[in-house]
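There are 2 protein chains.
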Amino acid sequence: MPLPHQDVIVIGHGSGGRMTQDLIERIFKKYLFNPILSEGNDFARIPASSGSLIVSTDSHIITPLFFPGGDIGKLSVSGTVNDVAVSGAKPLYLTAGFIIEEGFSINELEKIVISMAETARSAGVQLVSGDTKVAEKGKVDKLFINTTGFGWLPEEIRIGGQYARPGDAVIVSGTLGDHGIAVLAARGELGFETDIESDVAPLNGLISRLLENVPDVHVLRDPTRGGLATTLNEIAAQSNVCITLEETDIPIRPEVKAACDMFGFDPLYLANEGKIIIILPEKHAAKALEILRATPIGELSTRIGFVSDAPQKRVLLKTPIGGTRILDVLAGEMLPRIC
Amino acid sequence: MPLPHQDVIVIGHGSGGRMTQDLIERIFKKYLFNPILSEGNDFARIPASSGSLIVSTDSHIITPLFFPGGDIGKLSVSGTVNDVAVSGAKPLYLTAGFIIEEGFSINELEKIVISMAETARSAGVQLVSGDTKVAEKGKVDKLFINTTGFGWLPEEIRIGGQYARPGDAVIVSGTLGDHGIAVLAARGELGFETDIESDVAPLNGLISRLLENVPDVHVLRDPTRGGLATTLNEIAAQSNVCITLEETDIPIRPEVKAACDMFGFDPLYLANEGKIIIILPEKHAAKALEILRATPIGELSTRIGFVSDAPQKRVLLKTPIGGTRILDVLAGEMLPRIC
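Just so you know, the sequences run in chain order A and B.
Position 74, counted from 1, in the first sequence is what the working numbering calls 74; the numbers after and before it change by one each time, with no gaps.
Position 332, counted from 1, in the second sequence is what the working numbering calls 332; the numbers after and before it change by one each time, with no gaps.
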């Protein structure tokens with residue numbers, strides 16, 4: 001007996017019974033089908049490989065769900081793919097946990113799942129295990145998505161925040177702050193029209209091209225929540241080094257700068273969802289820039305600073321007028337629900 | 001400069017900046033510390049093993065957060081450990097994604113994290129990657145926790161819902177419906193006092209003892225959302241078999257039965273969080289019961305039915321008066337937010 005066609009999510013879609021099964025068939029399996037997912041057990045079985053298993057998890061609670069350049073579906077796949085890829089591993093698999101508000105539009109859910117499927121395809125990852133929960137109206141804000149990603153890391157690769165060394169160059173793969181300002185614009189809070197789009201994208205293709213062509217990459221990290229400044233502080237602390245940035249070299253779109261000036265935001269603390277920081281020996285920096293700039297996603301890659309031994313655990317910013325100031329980690333919160 | 005001591009979660013705890021770091025140090029690392037988690041990258045590096053990698057994900061949105069016999073912390077670890085363990089794999093690692101409501105008590109969060117740590121220790125699993133998000137007051141109901149679990153499955157083990165065969169016996173490891181009724185009681189909806197406690201517990205110890213002592217286990221599955229009836233229907237469909245239950249043999253506590261009668265619930269559809277269904281050749285059933293009953297968690301294990309070849313994809317219930325009725329999957333939802 002077919003179930004009556006529903007236009008919105010109802011509590012029964014989270015029951016684990018027939019309505020859940022119907023939603024899985026109608027939306028999730030339709031777009032995210034693959035042989036591992038189709039076994040129908042509560043677990044997924046994946047062929048093991050040599051090397052280490054790399055794992056990363058992230059819950060996504062962004063508002064609004066759709067924004068210029070992306071949506072929560074693209075974000076939830078890209079964010080976790082990137083967290084796995086910055087280890088040097090090839091991301092291969094994802095799990096997804098959906099928490100949906102009663103009354104949420106199934107049409108919108110379908111758009112988001114299609115976006116997840118397209119992003120997963122472009123990143124070369126498969127969804128292998130999923131979960132759907134429904135909370136009563138007013139108990140969750142529309143839709144939250146947790147993704148956990150994994151891949152295999154060859155034994156010889158050692159990339160991480162603890163490996164920055166004095167004499168290294170610091171590169172960023174493009175302009176900063178685009179995601180934060182695009183989301184702010186989508187919330188209708190900018191007060192003016194803008195063409196700024198979120199940079200949200202999977203970066204594993206860019207990263208593997210880099211690693212295939214440039215030896216001895218020490219650190220890769222995506223400056224998401226907390227932005228460039230917070231991320232570099234984490235690296236400086238993990239590696240016991242000082243990182244110095246040249247303010248004039250940091251690529252920021254004029255529209256992003258203008259919006260930041262208006263709102264009192266610092267673009268160095270704004271979230272990015274499609275950028276990586278690369279730290280590697282100075283002698284390989286030119287080659288890395290050449291490789292990165294040859295891709296559409298990395299064409300604005302720039303060397304923005306260097307690593308030295310002291311003062312340890314500090315990030316310094318050299319200003320255009322010749323001064324130097326300490327860039328601390330983000331203290332409070334500029335922009336909640338950004339990822 | 002130390003941060004001012006907070007008693008409740010504020011938006012800044014989800015910023016990815018200093019307040020997030022402070023919360024991680026003060027609560028999460030304090031109880032969940034291990035060498036893999038401590039590397040400080042956004043990914044975890046885990047030594048690979050032979051065999052297959054088993055993965056399962058689950059988001060937990062139970063209300064209330066604390067209930068007789070457990071809390072969301074114990075539930076979020078047990079639920080995912082059990083989903084990995086029913087593959088026959090040894091669960092070893094977990095990720096955890098927290099979505100917390102602004103204003104939530106840090107003292108309660110700490111209790112929940114302690115409960116997660118204790119449950120993880122008793123199950124022998126390590127938390128290797130975490131994420132914390134904070135949503136504004138009213139945008140999430142107190143606390144949701146997603147966990148994703150991992151373990152390695154030896155090549156020779158093949159256990160799954162697709163392996164039930166005619167001639168198999170069906171065993172359940174204890175009484176049904178305790179979790180559902182305990183949560184209902186904790187919501188104050190029963191209208192009378194009861195001693196019923198949730199059965200929430202990690203079952204990997206019980207499962208490994210079973211697999212070490214009994215050959216040829218075909219199916220293991222934990223009957224959570226949708227209960228025994230829905231879970232057996234899934235298995236009957238995956239394996240193209242018929243499963244027949246003897247109603248009088250199904251172990252249900254009198255208090256659970258009484259509560260079900262009052263509310264018009266069927267205990268066969270109530271969620272369990274510490275029970276497994278075991279399906280294996282009839283000739284091994286006695287040995288399996290002996291092993292299960294020798295453990296405190298499995299002492300009420302019972303053979304409740306058998307597998308035959310037809311009618312395919314059906315679950316039948318033989319009633320005490322000699323009739324037989326079809327047990328279908330859960331259609332709507334009896335009890336939302338149960339796990």
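Please note that a few of the clues may not be correct.
Said to hold, decoys possible - Lysine-lysine pairs mimicking DSS-like chemistry, simulated, CA-CA at most 25 Å apart:
no.: 1; chain 1: B; residue 1: Lys283; chain 2: B; residue 2: Lys318
no.: 2; chain 1: A; residue 1: Lys313; chain 2: B; residue 2: Lys29
no.: 3; chain 1: B; residue 1: Lys287; chain 2: B; residue 2: Lys111
no.: 4; chain 1: B; residue 1: Lys142; chain 2: B; residue 2: Lys29
no.: 5; chain 1: A; residue 1: Lys137; chain 2: B; residue 2: Lys29
no.: 6; chain 1: B; residue 1: Lys142; chain 2: B; residue 2: Lys111
no.: 7; chain 1: B; residue 1: Lys257; chain 2: B; residue 2: Lys318
no.: 8; chain 1: B; residue 1: Lys111; chain 2: B; residue 2: Lys29
no.: 9; chain 1: B; residue 1: Lys137; chain 2: A; residue 2: Lys142
no.: 10; chain 1: B; residue 1: Lys318; chain 2: A; residue 2: Lys30
no.: 11; chain 1: A; residue 1: Lys313; chain 2: A; residue 2: Lys283
no.: 12; chain 1: A; residue 1: Lys142; chain 2: A; residue 2: Lys318
no.: 13; chain 1: A; residue 1: Lys30; chain 2: A; residue 2: Lys142
no.: 14; chain 1: B; residue 1: Lys142; chain 2: A; residue 2: Lys142
no.: 15; chain 1: A; residue 1: Lys257; chain 2: A; residue 2: Lys142
no.: 16; chain 1: A; residue 1: Lys283; chain 2: A; residue 2: Lys257
no.: 17; chain 1: A; residue 1: Lys29; chain 2: B; residue 2: Lys313
no.: 18; chain 1: B; residue 1: Lys283; chain 2: B; residue 2: Lys257
no.: 19; chain 1: B; residue 1: Lys30; chain 2: A; residue 2: Lys137
no.: 20; chain 1: A; residue 1: Lys287; chain 2: A; residue 2: Lys90
no.: 21; chain 1: A; residue 1: Lys142; chain 2: A; residue 2: Lys90
no.: 22; chain 1: B; residue 1: Lys111; chain 2: B; residue 2: Lys30
no.: 23; chain 1: A; residue 1: Lys111; chain 2: A; residue 2: Lys142
no.: 24; chain 1: B; residue 1: Lys30; chain 2: A; residue 2: Lys313
FYI, nobody ran anything at the bench for these hints, they're computed from the structure.
Okay, the hints, checked on the actual structure:
| no. | hint | result |
| --- | --- | --- |
| 1 | Lys283/B <-> Lys318/B | 22 Å, holds |
| 2 | Lys313/A <-> Lys29/B | 21 Å, holds |
| 3 | Lys287/B <-> Lys111/B | 40 Å, violated |
| 4 | Lys142/B <-> Lys29/B | 21 Å, holds |
| 5 | Lys137/A <-> Lys29/B | 34 Å, violated |
| 6 | Lys142/B <-> Lys111/B | 14 Å, holds |
| 7 | Lys257/B <-> Lys318/B | 18 Å, holds |
| 8 | Lys111/B <-> Lys29/B | 14 Å, holds |
| 9 | Lys137/B <-> Lys142/A | 14 Å, holds |
| 10 | Lys318/B <-> Lys30/A | 37 Å, violated |
| 11 | Lys313/A <-> Lys283/A | 23 Å, holds |
| 12 | Lys142/A <-> Lys318/A | 43 Å, violated |
| 13 | Lys30/A <-> Lys142/A | 22 Å, holds |
| 14 | Lys142/B <-> Lys142/A | 15 Å, holds |
| 15 | Lys257/A <-> Lys142/A | 31 Å, violated |
| 16 | Lys283/A <-> Lys257/A | 31 Å, violated |
| 17 | Lys29/A <-> Lys313/B | 21 Å, holds |
| 18 | Lys283/B <-> Lys257/B | 31 Å, violated |
| 19 | Lys30/B <-> Lys137/A | 35 Å, violated |
| 20 | Lys287/A <-> Lys90/A | 22 Å, holds |
| 21 | Lys142/A <-> Lys90/A | 32 Å, violated |
| 22 | Lys111/B <-> Lys30/B | 12 Å, holds |
| 23 | Lys111/A <-> Lys142/A | 14 Å, holds |
| 24 | Lys30/B <-> Lys313/A | 23 Å, holds |
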